[in-house]
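**Student:** Let the hints inform the model, and build the full structure from the sequences given.
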Amino acid sequence: MSRPVSIQFLVGLVPVVAICVACTPATGAPPVSVAPSPALPSMAGPPADTPTPLALPTSTPAHVPTVAAIPSPTSAPRPTPPSAEGPQPTPTPTPPARGVGVAVDVVAKGLVTPWAIDFAPDGRIFLTERPGRVRVIRDGRLEAAPWMTLDVVERSESGLMGLALDPQFARNGYVYVAYTYRGGDGRLLDRLARLREDPASGKGVLDRVLWDGVPGGSIHDGGRVKFGPDGNLYWTLGEAGNAALAQDISSLNGKVLRLNPDGAVPADNPIPGSPVYSYGHRNPQGLAWQPGTGRLYATEHGPSGGLQGCCRDEVNLIEPGKNYGWPVIAGGQTREGMVSPVIQSGDTVTWAPGGAAFVTRGPWAGSLLFTGLRGQALYRVTLDPRDPRKTLGLEALFEQRYGRLRDVVEGPDGALYVLTSNRDGRGNPSADDDQVLRLTFRD
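Everything in the sequence shown is counted per numbering that gives the first Met the number 0, starting at 0 for the first residue and increasing by one.
I should point out that these hints are in silico values taken from the structure, not numbers from a laboratory.
Don't take every hint at face value.
[To be verified] Derived DEER-like restraints, expressed as beta-carbon distance ranges: (1) 195 x 122: 18 to 26 Å; (2) 336 x 411: 36 to 44 Å; (3) 137 x 387: 34 to 42 Å; (4) 431 x 197: 30 to 38 Å.
Note that this is a predicted model, so its numbers are computed, not measured.
Ideal Cβ placement from N, Cα and C applies to all residues, glycine included.
**Tutor:** Here's what the structure looks like:
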């Protein structure tokens, strides 16, 4: 394998603009107010056609549990259009990153729509490709044969998505994945499964299905899988194109779920007997816990038409049992009993946010990073240390330099690893796409 390509950049601050939109109040709708939020300049155009699904071999589930029904609240809010919007002021700039040198190395290339990445204690890098393959990078080289191949339906946004290695991977070899498949009646469904490394072959096998039969779709499957600092497993699920499901707590769609590693519901979940940790989400795809505080932040795709208009991608502070409003509110709108985002993209700009991570080392230490698909950038948020629901600014990095970006994580070596997503049917791939990029700070 040839030596990684290293490129040096000086990262600077991207200008931001203010947006003001006035809308006519909806007749009879409860009042909706708007909290100030920053916006970035407009970026990419509309998506291209969806890719052709790729059929892959089937793995037979060992066990399929029953999803218990969750009682709905007696006063669940009904979706209603917003009634008013206000100005989107320019935020205070992020503390300057000008002059920060960043080296970008290509760790792997020629991938097909990688979605999530995680690290084994022995130095291996695991990642998913949306057509159904779990791949491994060992000693800086991408292994030719997949670690495991799953039977998935890759269509528009669906397929093999989230991946997380068990904190005890060195002992049990467990790998957790989320993916979309076709049920016996032809419907698309989402599944959370636990895989296991076979010591004899060094390849993955299906250990058990943890949750199954969640309504899926070609869009809004969520799909992020991560372990929290509490040792629990978190799984994000979108509303699969049916917005009303996000407000229905008897449905798992439009939710952030919290599970024990064996798939059981933790006794201290906010809704007894339910895996639902938070609800009212459209399509959450990033999870990141703030070091030191354990606070959970999530990225979420905003609307792309209909009553809620466009854009309004979100970063939310996730608290147990809270309602994040979709489809009743979006972006900076507010309504009693619903939580508005910490920061959102505004009414004319879309980030299409993917994975998220906190930085613990170097000049960006303490920052929250998240990737942008339509935005084609790596975004850096500086949170207000005095108020976890406020930000000091937002910065767009490497804008339109590597195309669509899907995931970002901080590796055990302190470097930042970023996945491109240019072969997802909506990008313009180069000959080397898709890639795993490694970002390090230059001395």
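**Student:** Now tell me if each hint is right for this structure.
**Tutor:** Status of the hints after comparison with the structure:
no. : hint                  : result
1   : 195 x 122: 18 to 26 Å : holds, 20 Å
2   : 336 x 411: 36 to 44 Å : holds, 41 Å
3   : 137 x 387: 34 to 42 Å : holds, 39 Å
4   : 431 x 197: 30 to 38 Å : holds, 32 Å
Violation of the numbered hints given earlier is absent; every hint is satisfied by the structure.
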